[in-house]
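Engineer: Those protein sequences? They're chains F and C, same order as listed.
If you number the first sequence the way my numbering does, the last residue is 212 and the count never jumps.
If you number the second sequence the way my numbering does, the last residue is 506 and the count never jumps.
In case anyone wonders, no lab produced these hints; they're calculated from the structure.
Errors might be hidden in some of the hints.
[Said to hold, decoys possible] Straight-line C-alpha distance at most 30 Å; calculated DSSO-like pairs for lysine-lysine:
1) F/K107 x C/K385
2) C/K342 x C/K237
3) C/K107 x F/K26
[What the hints assert, rightly or not] The following label-pair restraints were derived from C-beta to C-beta distances:
4) C/E339 x F/C92: 39 to 45 Å
5) F/E30 x C/E479: 31 to 37 Å
6) C/R405 x F/V60: 55 to 61 Å
7) F/G15 x C/T154: 31 to 37 Å
8) C/N193 x F/E68: 54 to 60 Å
9) F/E68 x C/E394: 23 to 29 Å
10) C/R149 x F/P72: 38 to 44 Å
11) C/M151 x F/I125: 48 to 54 Å
12) F/V60 x C/V124: 52 to 58 Å
Positions of the beta carbon are idealized from the N, C-alpha and C atoms, including for glycine.
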Amino acid sequence: MRRLPVYILIDTSGSMRGEPIESVKVGLETMINSLKQEPYALETVSLSIITFDSEVKQVLPLTPIDELQLPDIYTPESGPTHTGAALELLCRKVDQEVTLTSEGRKGDWMPLLFIMTDGKPSDIQLYNRMIPEVQRRKFAGIIACAAGMTARTEPLKLLTDKVYSLDTLDSTSFKSFFKWISSTIALGNRSVGATDELELPPPPPEVNVLL
Amino acid sequence: MNRKQRLASRRHMEAGFDQLLKRAMDCAGVPASDRQDFLNWAVCNEWTRFREERMNKRIMIENRVRNLGLRFPNGTVKKEYYYEFALPTDEISDVELVGAEDTGLHLEQVADGLFALKGRPMNVTDYKLTLRYRTVAGEPASELVVPVAFNPNPRDLWKNIPTNEKVHYYKPDSAKEYVKVASAEGKAPRKNMVAVSQRGRSHAQEGKPRDDHFGLCHCDESDWYILTVADGAGSARYSRKGSEIACETVVDYCRGQLRDNPEFEEAIRAYQADSSEENRTDVTRRLIHILYNGALKAHEAIRDVADANEEVKMRDFATTLMFAICKRYDFGWFIASFWVGDGAMCLYDAETGTAKLLGTPDEGEFSGQTRFLTMREIFHDPDIVARRMRMTIVPDFTALFLMTDGVSDPMFETDLNLRDYSKWEEFAGKLRDGFSDDGISGVTLSDDSEAVADGLLGWLDFWSPGNHDDRTIAILY
């Protein structure tokens, strides 16, 4: 069956330790539960989570939302943020996991990508090199979120024109951010085709649009 | 042995044991004065060691159980749940699953070392169940938390919100039409046409309008049949209008072109009699005037509407389009068609066991990607005629099907299947028999106009996970 693949990249560097990462986990849970209430999403959405700090891990391989159980997400004490390496792993996983249409097989819907970071890429060279690679993967939409005051938005703007920011790293912000993501995903597979632009629902007050 | 004798015998044994102990301590050189202290010390030490060993054994078994990586797959509410898993019953006992009873499931030992979690989940929730078991006698019970989640049944979540009739370019959420062609007195019955269109569940869920459209026409003056089906792009704002304009324009245009066209009819007869290259080219040339121009007119009609309003663009009306013109001659049927986009158009004949796909669906790498009539480049393609136009002459056929991808995707899934006669046979079977498990009845393609159109519209409600697009089908039979 054709799926709507959704990749979520989450910054798990040291600065996310504690309340921020706990809030992200609660946010992810809220998101999954609200997607399960949408019949179309429940039947089509498949989710993958990639975390990045000094290490990059796919903590959840692309899994249909109805079969999914949220994995544990850990943050190290401190260390660099390997955003570039995360994009590299993302490309590899997309190539492996997303089905393209062929004569004998129905392809998936165009995938969606969400990336959330509270800092800046420590591996900026790799990051810059991976940007065209990500864009070549034909995501229906790439939505980037700069979380908190120390997050740098410039590198994200190179990746996508859909960059949003959260002022604080608390549970209210993350909850409304993930809620908004889930409504974007629920709309996702209908907004591809004739128009190139992914239609996004209006963001909640906690999520700022960066122009 | 009576009670007195038993007591005496035990005293005798205990005295013997004391003697043994004393002798062992003498041998080891324990002086009599230290005997009591030494004995206390030794027993105390050994008792600690014994308890540690017992605890370690419990922990080892617990680790072994944890490393089994037991996971309960998620279930669906009110749907039978069954999951089997193995536990090392040679090391553990008294296995129970605390919390299971609240979920509507229970644990059952089905074989030696094999357990099953089964039942019907009652509520949509995430649960944390606790697997409790005993390892070593004297140790406390061990516990392992295993989460399980029960999802709602997607079928229970669909809403059917009617489209607001005040929306721009409103169209009803479903449509049906039956065209009965009267036969002359004493002559054999003629082929009839039926078409139905139903808004997809994904649109109904949000109260959004249907984007599909169809058109049927039997030209009484020329005896040509015209069938068309169009699928407005879900992502385009006014695609419902695009599909409507496309269908109406081609029906009108083709009807006009076929009204009084003796040269075309003559060319068909000549080609049937002698399928020479020259005769084929002649028919093709005339067909281009009708079919290619019909599609182009539809494209232009949409452009005119788009141009009339500054706020909209052509692509806001994006739609696919397929149409066929058919006529019965004394030698058989002439059928010609034109197709831009996805979906399926097929001439199906159960007698000869053939299914002729009248073109190739336009599909991209990903689902939902296709080409639209509204794209200018379609008409700039030098291969447009070879790619999109088809004509054929057959003695007779069972049915000509035209359908949007809302029907063809769940029914055929892939291009390969669309080319496979057995899949079309299967499809005809599903149409005839319906889906009894889901309470969807089949349709007999009879002469009774009301019954066929209503039956077919009801049939379009079939269930297929992930396939909830608008559905439209037109049949000539």
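Engineer: Next, verify each hint and record whether it holds.
Structural biologist: Against the structure, the hints:
no.	hint	verdict
1	F/K107 x C/K385	holds (21 Å)
2	C/K342 x C/K237	holds (20 Å)
3	C/K107 x F/K26	holds (29 Å)
4	C/E339 x F/C92: 39 to 45 Å	holds (41 Å)
5	F/E30 x C/E479: 31 to 37 Å	violated (51 Å)
6	C/R405 x F/V60: 55 to 61 Å	violated (46 Å)
7	F/G15 x C/T154: 31 to 37 Å	holds (34 Å)
8	C/N193 x F/E68: 54 to 60 Å	violated (37 Å)
9	F/E68 x C/E394: 23 to 29 Å	holds (25 Å)
10	C/R149 x F/P72: 38 to 44 Å	violated (28 Å)
11	C/M151 x F/I125: 48 to 54 Å	holds (53 Å)
12	F/V60 x C/V124: 52 to 58 Å	violated (30 Å)
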